[in-house]
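Asks: Here's the letter readout for the chains.
Protein chains: 2
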Amino acid sequence: MTRQLHLNAFLMTTGHHEASWRLPESDPYAHVDLAHYAGLARTAERGTFDSLFLADGPHLWGSVAQRPAGALEPLTLLTALATATEHIGLIATASTSYNSPYNLARRFASLDIISGGRAGWNIVTTAGAEAARNFGVDEEPAHAERYARAAEFLDVALKLWDSWEDDAIVADKAAGVWGDDAKIHPPRHRGTYFGVEGALNVPRSPQGYPLLVQAGSSEDGKAFAARYAEAVFTAQQTVEEARAFYADLKARTAAAGRDPDHVKVLPGIVPVIGSTEAEARAHEQLLEDHIVHRHGVANLEGLLRLPAGTLELDALLPAELPPEDAIEGARSRYTLVVGLARRERLTVRQLIGRLGGGRGHLTFAGTPEQVADAIETWFTQGAADGFNIMPPVLPSGLETFVDHVVPILRARGLLRTAYGPRRTLRERYGLPRPANQYAAPALATA
Amino acid sequence: MTRQLHLNAFLMTTGHHEASWRLPESDPYAHVDLAHYAGLARTAERGTFDSLFLADGPHLWGSVAQRPAGALEPLTLLTALATATEHIGLIATASTSYNSPYNLARRFASLDIISGGRAGWNIVTTAGAEAARNFGVDEEPAHAERYARAAEFLDVALKLWDSWEDDAIVADKAAGVWGDDAKIHPPRHRGTYFGVEGALNVPRSPQGYPLLVQAGSSEDGKAFAARYAEAVFTAQQTVEEARAFYADLKARTAAAGRDPDHVKVLPGIVPVIGSTEAEARAHEQLLEDHIVHRHGVANLEGLLRLPAGTLELDALLPAELPPEDAIEGARSRYTLVVGLARRERLTVRQLIGRLGGGRGHLTFAGTPEQVADAIETWFTQGAADGFNIMPPVLPSGLETFVDHVVPILRARGLLRTAYGPRRTLRERYGLPRPANQYAAPALATA
Chain A
1 MTRQLHLNAF LMTTGHHEAS WRLPESDPYA HVDLAHYAGL ARTAERGTFD
51 SLFLADGPHL WGSVAQRPAG ALEPLTLLTA LATATEHIGL IATASTSYNS
101 PYNLARRFAS LDIISGGRAG WNIVTTAGAE AARNFGVDEE PAHAERYARA
151 AEFLDVALKL WDSWEDDAIV ADKAAGVWGD DAKIHPPRHR GTYFGVEGAL
201 NVPRSPQGYP LLVQAGSSED GKAFAARYAE AVFTAQQTVE EARAFYADLK
251 ARTAAAGRDP DHVKVLPGIV PVIGSTEAEA RAHEQLLEDH IVHRHGVANL
301 EGLLRLPAGT LELDALLPAE LPPEDAIEGA RSRYTLVVGL ARRERLTVRQ
351 LIGRLGGGRG HLTFAGTPEQ VADAIETWFT QGAADGFNIM PPVLPSGLET
401 FVDHVVPILR ARGLLRTAYG PRRTLRERYG LPRPANQYAA PALATA
Chain S
1 MTRQLHLNAF LMTTGHHEAS WRLPESDPYA HVDLAHYAGL ARTAERGTFD
51 SLFLADGPHL WGSVAQRPAG ALEPLTLLTA LATATEHIGL IATASTSYNS
101 PYNLARRFAS LDIISGGRAG WNIVTTAGAE AARNFGVDEE PAHAERYARA
151 AEFLDVALKL WDSWEDDAIV ADKAAGVWGD DAKIHPPRHR GTYFGVEGAL
201 NVPRSPQGYP LLVQAGSSED GKAFAARYAE AVFTAQQTVE EARAFYADLK
251 ARTAAAGRDP DHVKVLPGIV PVIGSTEAEA RAHEQLLEDH IVHRHGVANL
301 EGLLRLPAGT LELDALLPAE LPPEDAIEGA RSRYTLVVGL ARRERLTVRQ
351 LIGRLGGGRG HLTFAGTPEQ VADAIETWFT QGAADGFNIM PPVLPSGLET
401 FVDHVVPILR ARGLLRTAYG PRRTLRERYG LPRPANQYAA PALATA
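One line per chain: the protein sequences are A and S, in this order.
Residue numbering for the first sequence follows full-length UniProt numbering, starting at 1 and increasing by one per position.
Residue numbering for the second sequence follows full-length UniProt numbering, starting at 1 and increasing by one per position.
Chain A on its own, in the form it takes in the complex (with noise of 0.2 Å):
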């Protein structure tokens, strides 16, 4: 069989341009609707996604005039979707500066036997002194130590859920005996930023644990992902950049002792569809038009770390911007934001344009061929393992998707036409079931 893409629906409320909640068709309040999800839920599984996703951060971000705010959390909304689907994988953003492991451990293995082992988990470190105000903490913590926590964490996280062996539990009612504790075995964990002493109180769960996704390209999100991650979502504006990007995360992969497939690299796409190229285009300039330019101006500001009103619209970025070492938060997005503006010589106001349709990633508008035709080349020539999808209008934009774009890709051979029997999330991208740290091994046979 063909080398199979992968695809992930980035879902996020009325969609990811900042300005589609204004138009006629969009639901202001789809953020707090069920319904509006699971509906994006079953057109994702219609067009056999492998999974979709959710973003997340501990804090309400900006000012709320300026787009729907605030959110459902996502391990509660991915849970109420499990029950409204039954194949797709589900991703859930979490961060490992304002969580503890044990509760954090228990919510994935729940969502993932709740899902019959679907269960994915965004692992972010959470930039920014909003989020830290949120826990008592006055500033926000530095990069390099954010990403000390995490590595921490996620080594506390993967005894948690390995404190079970697969069969610990015997179930004899005769003899009165449940479960075998010799194959119980609490991490007993002292560490720098956490103390974890006892088992999970959840036995293990289908996938062993949810597969482990991480979406930061700074060079410490690099040297985390090689370590951890089986999926990376990444953010690339040119084909160039992401095969670089593919080929030194694989060898990163490679070199931290890991079998390089088994890192999923998928880079966003903000897919801007119209059944002729001009019509795609007017659909980008509609978007465009309706964007309110003072919040763009803010948020830009707030990225680069500029008092507020040092931007003006028709000019370019200042030349001189703080550097970024002295970026603490969104590093990677920063190094991008700037590189993009600089390169093409936008104006701020032609900056906001296209960072209002995909705050960074590759937005690509054309015909669904033509759609086709980019996802091909950059699977094909080493970019990508596949894509994490961002429909700049939600729901239409993740329909017109899965009704012209993957009838193509499927009849080029790129994607399943169905589901098949494999089950779990890490089974779809094509990833092996995580052996238990604490089992003895299997004998090998004669």
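What the hints contain is simulated information worked out from the structure, not anything from laboratory work.
Treat the hints loosely; a few may be bogus.
Computed cross-link-like contacts, SDA-like style, restricted to lysine to any residue with a CA-CA straight-line distance of at most 25 Å [what the hints assert, rightly or not]: (1) K250/S - Q381/S; (2) K173/A - A298/S; (3) K173/S - Y29/A; (4) K173/S - S396/A; (5) K173/S - E279/A; (6) K183/S - I291/A.
Covered stretches of chain A (chain S as the covering partner; in silico rule of three or more C-beta atoms under 8 Å from a C-beta of chain S) [claimed, not checked]: (7) 74-87; (8) 110-117; (9) 166-180.
Each residue gets a CB set at the ideal place from its N, CA and C atoms; glycine is no exception.
Got chain A; can you put chain S on it based on the hints?
Replies: Then chain S, alone, in the frame of chain A:
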């Protein structure tokens, strides 16, 4: 209309009797089976219960040899059950000692939205060193400190749930204004245990916030309940004790400046039902015959803080026991168990038999008519506003209650025959929707 009973179904794997999993009918894997819980929820809904409830503690409790251990995390499981039911309230236990207010407030608000206003929170402070050591704390926190933290947790959580006024979303597409920043109220809380600066990132939910439930019966627990709780679960062995507890809690609630009718008192009852009294007794004996006494002795030694090997099966409890003041953990449970043993001069074996059924809650064996009589007596004699129904075996015990006791209660006019137009959990319990502490009071109209 006659004053109406409130019924809560306390769900616990294969049942509240510790030996229930050993019966031939029981599924020893039920604790991780969503279908098992969905079936229970639908049965409770068929019985027009107000709510269902899941207990919890963030640690693996004792030996897994003893009984089904490890369970789905309650808020996760209840989210899945929200989609499997239409009317019934969903009450999850969560700890104020081992959660952060921001994360927990988000999750309850999300469940309340997803369920259409059916979320409840059983607030626990979580005793014991085992839980503490899963969260980097070496010694269990002192009883008084746990309650001080719980009170601050509640105050912050209530601010977070009110941080969006009900009409904060304006959704003005033409003007490009989604929300009204003036109706967002960041808590800006800096206290002893928590610092929470920003507003919640979930809009105000249908109920405003989840129904607040409490179950501690210590002095601190009762003071806390008087201040915050809208429903109280309690373990009472006799109608006299229950009346005293009921009168005391209502008086404390009035003294705290609240309407005493706004806290509903629900004692636990373990109904062992047979078509004749003899059949009920035989069922009770069958369960007791399945108790593994070595587990019961170990559990009792743990509760009483006695060294292993202290207790003898066929002797009374030792005359000298650690005083209640020395117990930092489940203080009211300690008092109840010692009181029961002393009052009825029970041997350790007899005490284990009594506790095996309901861990100190009232076990009542009889015909459906007798069970209904007991419920009516407590309800009409000032001992209860309703009951926490704790079937010894699940699902059969709940089915029997719904099929045989519920019709009697309905015939007597004590229990609704259908859910009717009220939608939220608070409406079912006859409680008002809380006003937002930040909103301007509505103007009186002449």
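Asks: A separate judgement is required for each hint: does it hold in the structure or not?
Replies: Each hint tested on the structure:
Between K250/S and Q381/S the CA atoms are separated by roughly 14 Å; this keeps the pair inside 25 Å, and the hint holds. Using a Cα cut-off of 25 Å, the hinted pair K173/A and A298/S holds, with the two alpha carbons roughly 20 Å apart. The straight-line distance between the Cα atoms of K173/S and Y29/A is roughly 12 Å, inside the 25 Å bound, and the hint therefore holds. Our distance criterion of 25 Å between C-alpha atoms is met by K173/S and S396/A, whose separation comes to about 18 Å.
With a CA separation close to 23 Å, the supplied pair K173/S and E279/A stays within the 25 Å bound. Pair hint K183/S plus I291/A holds up; C-alpha atoms about 23 Å apart against a cutoff of 25 Å. Coverage of the stretch 74-87 of chain A by chain S holds in this model, with 8 residues showing a Cβ closer than 8 Å to a Cβ of that chain against a need of three. Under the rule that three or more residues need a Cβ within less than 8 Å of chain S, the assignment of the stretch 110-117 of chain A holds, with 4 such residues.
For the stretch 166-180 of chain A, the stated coverage by chain S holds: 9 residues have a C-beta nearer than 8 Å to a C-beta of that chain, and at least 3 were required.
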